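Participant: Sequence:
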Amino acid sequence: MSPEITFVADMKKEMSESLSLVFPNCFHGYCLHQLTESLKRKFKGSLTLEVVRVLISEFHSAAYAPTAEGFKKCIGTIKNISPEAYEWGARYNHLKSSVTESFCDWVSDLPAMPITQVIETIRRKLMEFIYTRKMDSDQWSSNLTPSAEENLQRSLVNSRSLEVVLSHSSCFKVRDTLDMINVVNLENWDCSCREWQINGLPCLHAVAAIEHVGKNVYEAFKVTYSESINPIPPLDRCMKRESSPVLVHPPCVTRPVGRPKERKYALKSNQAVKRTLQCSKCKKLGHNKRKCKQSA
Numbered sequence: 001m002s003p004e005i006t007f008v009a010d011m012k013k014e015m016s017e018s019l020s021l022v023f024p025n026c027f028h029g030y031c032l033h034q035l036t037e038s039l040k041r042k043f044k045g046s047l048t049l050e051v052v053r054v055l056i057s058e059f060h061s062a063a064y065a066p067t068a069e070g071f072k073k074c075i076g077t078i079k080n081i082s083p084e085a086y087e088w089g090a091r092y093n094h095l096k097s098s099v100t101e102s103f104c105d106w107v108s109d110l111p112a113m114p115i116t117q118v119i120e121t122i123r124r125k126l127m128e129f130i131y132t133r134k135m136d137s138d139q140w141s142s143n144l145t146p147s148a149e150e151n152l153q154r155s156l157v158n159s160r161s162l163e164v165v166l167s168h169s170s171c172f173k174v175r176d177t178l179d180m181i182n183v184v185n186l187e188n189w190d191c192s193c194r195e196w197q198i199n200g201l202p203c204l205h206a207v208a209a210i211e212h213v214g215k216n217v218y219e220a221f222k223v224t225y226s227e228s229i230n231p232i233p234p235l236d237r238c239m240k241r242e243s244s245p246v247l248v249h250p251p252c253v254t255r256p257v258g259r260p261k262e263r264k265y266a267l268k269s270n271q272a273v274k275r276t277l278q279c280s281k282c283k284k285l286g287h288n289k290r291k292c293k294q295s296a
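Our numbering numbers the first residue of the sequence shown as 1 and each following residue consecutively.
Treat each hint with caution, since some may be false.
[Claimed, not checked] Computed list of lysine-lysine pairs in BS3-like fashion (alpha-carbon distance at most 30 Å, straight line): (1) 173 with 73; (2) 134 with 73; (3) 283 with 293; (4) 73 with 40; (5) 73 with 44.
[What the hints assert, rightly or not] Restraint ranges, calculated between C-beta atoms of paired labels, are given here: (6) 118 with 48: 46 to 54 Å; (7) 190 with 150: 35 to 43 Å; (8) 135 with 48: 34 to 42 Å; (9) 247 with 135: 46 to 54 Å; (10) 187 with 245: 51 to 59 Å; (11) 128 with 189: 39 to 47 Å; (12) 119 with 47: 26 to 34 Å; (13) 23 with 199: 39 to 47 Å; (14) 48 with 140: 16 to 24 Å; (15) 64 with 140: 55 to 63 Å; (16) 67 with 41: 15 to 23 Å; (17) 69 with 189: 18 to 26 Å.
Rather than coming from a laboratory, the hints here were simulated on the basis of the structure. In this text the structure is predicted, and so the values were computed from the model without any measurement. Heads up, the beta-carbon is just placed ideally off N, CA and C, and yes, glycines get one too.
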């Protein structure tokens, strides 16, 4: 599995243990919304509301910081508030699990069926989805999606005030109006501000360098849906390979040491409620006449 794959999920313990076991070389990130809610619950009552607001603000700024310098500056404030919040992981463009939640909702209407049919249904849905998106992209007036087109046009306007100096072949030094310098490498598709690597779209420094050499900033962006998912034949028509029979053994279950814990079951609504004892002598509840302490 490629180490560049990033899993974004909530903070469920089962998910963390499974991902680290099955995909040990991949990045594991938590959903930004889930982490924010967790931080609010963690500091509720122990910190003032204003301090919590500062913590959440610095937390979001650190999550969206494109450079290591900006990231370290934000988490410096967080570390002063809570050392536990200093434990960070790799970040990615998608900081929320809403993308996966939308996909789960998209396939959640699948009826109960064998796993092979579930995979085939998902493959067919994805094939139709990519084909539909490809047809829709042919109707665009631009090579990009409307949101990407808006961001790129904004970068084109802002890049006109930048100074571009050619360093060598495909490497450029770009200076902005604040005298800040960023290095752009068109061959490797990266910029020292790291926005190009994170978002996938050229930042304003890269746009300035691309315009400086007279290249088209729109090239290579429409290849997202250029490929398609090919149909596969039914299972009964697939080529069968000779293989040894697979033996499915029972799971290895070891009995835990010690006496098993008693299981307490919640009382269901349809179960009968136990009758409360009433003493026949004093007429009080909670005991019978044998244990009555009232004198005869």
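Participant: Run every hint past the structure and note whether it holds.
Facilitator: Each hint, compared with the structure:
1. 173 with 73: Roughly 25 Å between the alpha carbons, so the hint for residue 173 and residue 73 holds.
2. 134 with 73: violated, 42 Å
3. 283 with 293: This hinted pair holds, its Cα atoms lying about 12 Å apart.
4. 73 with 40: Cα-Cα ~21 Å, so holds.
5. 73 with 44: holds, 25 Å
6. 118 with 48: 46 to 54 Å: holds, 50 Å
7. 190 with 150: 35 to 43 Å: violated, 23 Å
8. 135 with 48: 34 to 42 Å: violated, 55 Å
9. 247 with 135: 46 to 54 Å: holds, 48 Å
10. 187 with 245: 51 to 59 Å: holds, 53 Å
11. 128 with 189: 39 to 47 Å: 31 Å Cβ-Cβ, so the 39 to 47 Å window is violated.
12. 119 with 47: 26 to 34 Å: For residue 47 against residue 119, whose Cβ atoms are near 48 Å apart, the range 26 to 34 Å is violated.
13. 23 with 199: 39 to 47 Å: violated, 24 Å
14. 48 with 140: 16 to 24 Å: violated, 50 Å
15. 64 with 140: 55 to 63 Å: violated, 28 Å
16. 67 with 41: 15 to 23 Å: violated, 30 Å
17. 69 with 189: 18 to 26 Å: holds, 21 Å
The structure is inconsistent with the numbered hints 2, 7, 8, 11, 12, 13, 14, 15, 16, although it conforms to all the rest.
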